Amino acid sequence: MTILDQLAGHARERTEQAKQKTPLSVLKEQAEALPKGTFAFEQALKAPGISFICECKKASPSKGLIAPDFPYLSIAKEYQAAGADAISVLTEPKWFLGRDQYLREIASAVSIPCLRKDFTVDEYMIYEAKVLGASAVLLICSILTPAQLRDYQAVCDGLGLSALVEAHDEAEVRMALDAGARIIGVNNRNLKDFTVDTENSRRLRAMIPPSVLFVSESGVKTPADVENLRDVGADAVLIGETLMRAADKKSKLSELRGRL
Numbered sequence: 001m002t003i004l005d006q007l008a009g010h011a012r013e014r015t016e017q018a019k020q021k022t023p024l025s026v027l028k029e030q031a032e033a034l035p036k037g038t039f040a041f042e043q044a045l046k047a048p049g050i051s052f053i054c055e056c057k058k059a060s061p062s063k064g065l066i067a068p069d070f071p072y073l074s075i076a077k078e079y080q081a082a083g084a085d086a087i088s089v090l091t092e093p094k095w096f097l098g099r100d101q102y103l104r105e106i107a108s109a110v111s112i113p114c115l116r117k118d119f120t121v122d123e124y125m126i127y128e129a130k131v132l133g134a135s136a137v138l139l140i141c142s143i144l145t146p147a148q149l150r151d152y153q154a155v156c157d158g159l160g161l162s163a164l165v166e167a168h169d170e171a172e173v174r175m176a177l178d179a180g181a182r183i184i185g186v187n188n189r190n191l192k193d194f195t196v197d198t199e200n201s202r203r204l205r206a207m208i209p210p211s212v213l214f215v216s217e218s219g220v221k222t223p224a225d226v227e228n229l230r231d232v233g234a235d236a237v238l239i240g241e242t243l244m245r246a247a248d249k250k251s252k253l254s255e256l257r258g259r260l
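The sequence shown begins at 1 in the working numbering and counts up by one.
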């Protein structure tokens, strides 16, 4: 069993436990009572030039504990002040040490859109994201069926949430396009063995039409990495560990943008 299988399995367990406390019908009613979203996440990624999605995460399965001290609100505010276009917030609790409250508090404290970074295996998690204040959710092709992906995209559309549809190979890109994805993220990290290859973005970019926003995820560490992805036509990059380990996140983001 791969780590991705374990992450998805644990997400199903968490969701079943959550349903015992708040049934789907109640959560759905709460989510639909909120103002419909404006697809702010995808609007932010349409800005000229390459957009930066900056991630708040305490740990990861591949790197272990990244941020022993985790002043997540300060980090999120620093990202916004540094010019981040969006913030990715980990809510997966077992391997990433995330919490729903991180997303709820960050979304309330910043004015830029927030992505709920989790392993969505049930529509319940999409309604949760809406209630927590997210503007977008992550849908990972390799843990969903084509029918689930289409259904979950439709739930997102109904709530005004953007869906970042993550693919890792040619078949998953086709699956994302068939489901009507408007944002496709190519993960340069293989979540089955954790190898990282930024050429994955270059290779798969050609399959994705210009009308679909293209996000490169993982392995972005240097201004040269960003420049290479800009050259292949990435609309945005998602950067986690590099920023989380930087003492001065504003300076690091400026460096990655190529402004220093």
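Please keep in mind that the hints were generated in silico from the structure rather than gathered at the bench. Predicted model only: the values in this text are computed from it and were never measured. Note that the Cβ used here is the ideal one computed from N, Cα and C, for glycine as well. Any given hint could turn out to be false.
Each pair of labels, with its calculated beta carbon distance range [to be verified]:
hint	residue 1	residue 2	range
1	36	180	14 to 20 Å
2	94	248	28 to 34 Å
3	25	63	38 to 44 Å
4	169	258	27 to 33 Å
5	68	20	41 to 47 Å
6	255	35	36 to 42 Å
7	180	25	42 to 48 Å
8	248	174	15 to 21 Å
9	83	245	29 to 35 Å
10	19	251	43 to 49 Å
11	13	160	42 to 48 Å
12	32	248	20 to 26 Å
13	32	174	28 to 34 Å
14	94	23	19 to 25 Å
Here are the computed lysine-lysine pairs in the DSS-like style, where the Cα-Cα straight-line distance is at most 25 Å [unchecked claim]:
hint	residue 1	residue 2
15	58	36
16	94	46
17	250	58
18	249	77
19	249	221
20	63	94
21	221	46
22	28	58
23	250	63
24	221	63
25	249	58
Can you tell me whether the CB distance of residue 94 to residue 23 sits inside 19 to 25 Å? holds, 24 Å
Has the given pair, residue 58 with residue 36, been kept, meaning a C-alpha gap of at most 25 Å? Status violated; Cα separation ~30 Å.
Run the distance test for residue 221 versus residue 46: straight-line Cα separation, threshold 25 Å. holds, 23 Å
Given the hint of 29 to 35 Å, check if residue 83 and residue 245 actually sit that far apart at their C-beta atoms. With Cβ atoms ~19 Å apart, the hint is violated.
Honestly, do residue 32 and residue 248 meet the 20 to 26 Å range at C-beta? With a Cβ separation near 42 Å, residue 32 and residue 248 fall outside 20 to 26 Å, so the hint is violated.
Given the hint that residue 249 pairs with residue 77, does the C-alpha gap stay at or below 25 Å? Holds, at about 10 Å.
Holds or violated: residue 94 with residue 46, Cα cutoff 25 Å? Distance ~33 Å between residue 94 and residue 46 Cα, so the pair is violated.
Evaluate the given range 38 to 44 Å for the C-beta pair formed by residue 25 and residue 63. holds, 39 Å
For residue 13 and residue 160, compare the CB-CB distance with the range 42 to 48 Å and indicate the outcome. For residue 13 and residue 160 the Cβ distance comes to about 29 Å; the hint is violated.
Hint check for residue 35 and residue 255 - Cβ pair distance inside 36 to 42 Å: Hint holds: Cβ distance 37 Å, inside 36 to 42 Å.
Consistency of beta-carbon spacing, residue 248 to residue 94, with hint 28 to 34 Å: Holds: the Cβ-Cβ distance is about 30 Å, inside 28 to 34 Å.
Between residue 28 and residue 58, does the CA-CA distance stay at or below 25 Å? Roughly 29 Å between the alpha carbons, so the hint for residue 28 and residue 58 is violated.
Violation of the numbered hints given earlier is confined to hints 5, 7, 8, 9, 11, 12, 15, 16 and 22; the remaining hints are satisfied by the structure.
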